[in-house]
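Engineer: Next come the chains, spelled out residue by residue.
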Amino acid sequence: MAELAGVYAASHGPLIIRKWDSVSPAHQLALTGAFNELGRRIKAARLDALIIISPDHWVNFFIDNLPMICVGVGETHGGPNEAWMMKEFSHQSLPGHPELARHILDTALASGFEPSVSHRMILDHGFCIPLLKAGIDPLPIVPVVFNDIEPPFPSVARCYAWGEMLARAIDTMPGDLRVGVLGSGGLSHSVGEATMGLIEEEFDRECISHFERGNPAALCDFLTQRLPQVGNGASEIRNWVAAHGAAGGRGFELINYSAVPEVIVGCGFAAWTLPART
Amino acid sequence: MSKRDYALNKLFFDLQDPAKAAEYRAGRAAVLDRYALKPEVRAAVEADDVGFLAKLVNPYLLRFYFLVAGMPDDEFMRRIRTTAGAGGGRNG
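In order, the protein sequences belong to chains P and Y. Heads up, the first sequence is in our numbering, so the first residue is 15 and it goes up one at a time. Heads up, the second sequence is in our numbering, so the first residue is 8 and it goes up one at a time.
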C-alpha cells in the first residue's frame, strides 16, 4: 500500500513574490531559510505525489458556483494564471495523479464527504508559491481546494476529518507510492478588510501552541471560536488543520514563524513527525 | 452569510483578465455598461468609494479590483482602514 511520507504546512502570501524587494533583509533571511528547510524535508521524503490543500483565489470558481471542497483529478493541471506569478513560475501545466485523486474521491464518498470534482484545475499562487520558493521540482500533484475565502466556510472539525480521511485513503491506496500532504496558507492576515495589514501575532502563537499540544478537539474549538474574530486570511488555517488531521493530530514541528509586515502575513512553516510504520 | 451584489462581484471577477483590465483602464464607461449595476453601485465604482463597495463584495475581489483600477496599495490600505466593518462576514 501507499505510504504517508510527509506532512507539511506553509504560508503563501502573494507579496512574498510581488514585493520581495521591499522585504527587510532579516525577514528575507527568515523566509528563505524556512522555505529552504521545507524544500529540504520534502526532497528527503522522496515523494511520488503531493496532495496540496489550498484555497482558490477566484481563479477557478466564482460565487455562481463555489465548492466548499474540490478535488483535482486531472492528468494535468493548469499552471498559475496570475501575471506576477507566471513571471517567476513559468510552468504552464503541472502533472496530476488521477489514480491517487480518484482513490481519494472514492474514500471521501465512502466516508460521508461529497466533494466537487475538477478534471482541469488551474493551480494559483496558493499551490505554486510553496513549490517555487521551496525549490521543489514539479511532481505529480493532487490539488484539493478548500473554500477559505468566501463565507460560509467548511467547519474546522470537518477540515480535520478531511485530513484524517486523506490518511486513510493513502493507507488503502494500492501500490507503493510515497505521498505527502501540504496545507498551504495562513497564518493571520487580512485582505480587503478594515484590518488589512494587521498581523495578529498573539493569535498565531496561540494557534501554533495548539498544533504543538496535539489535542485536536481543543484546536478545533479554539479556531471555531477565534477565526470569526481575526482577519479573513486566517481562514486558510483550515488547510493546516487538514494537514494536522492527516498526521493523526500529532508530531507538529514549527520550522519558522515570522510576522512579516512587508507581506502583511504572519508567515508560518511546519512539518509533522510521523510515527514509524509498523 | 455576507451581502453580495452579484453584478459588482462579477465585474471585479472578470477584471482579473488582463485584456479586460486594460480595456477598463482605457475607459471605464464602456465596460461598466455591460454590467447590470444598480445606479448607486455604479456611482460608487466611478467614485472609487472603497467603503461603500466593501459592504457588497468579497474582500479579496475588492482588493484585486483596486489593484487593477490602479489605486496604489498604500492609498487602498489607507481607505479600507477607515471603513469600519468592511468585509462583512469575516471568517465565521
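For the record, the hints were derived by calculation from the structure and aren't laboratory data. These numbers were taken from a predicted model, which means no experiment stands behind them. Treat the hints with care, as some may be off.
One side only, chain P facing chain Y, incomplete, derived with CB under 8 Å [to be verified]:
no.	residue
1	Trp72
2	Phe76
3	Ile163
4	Asp190
Built from N, CA and C at the ideal position, the CB exists for glycine as well.
Engineer: Against the structure shown, which of the earlier numbered hints fail to hold, in ascending order?
Structural biologist: 4
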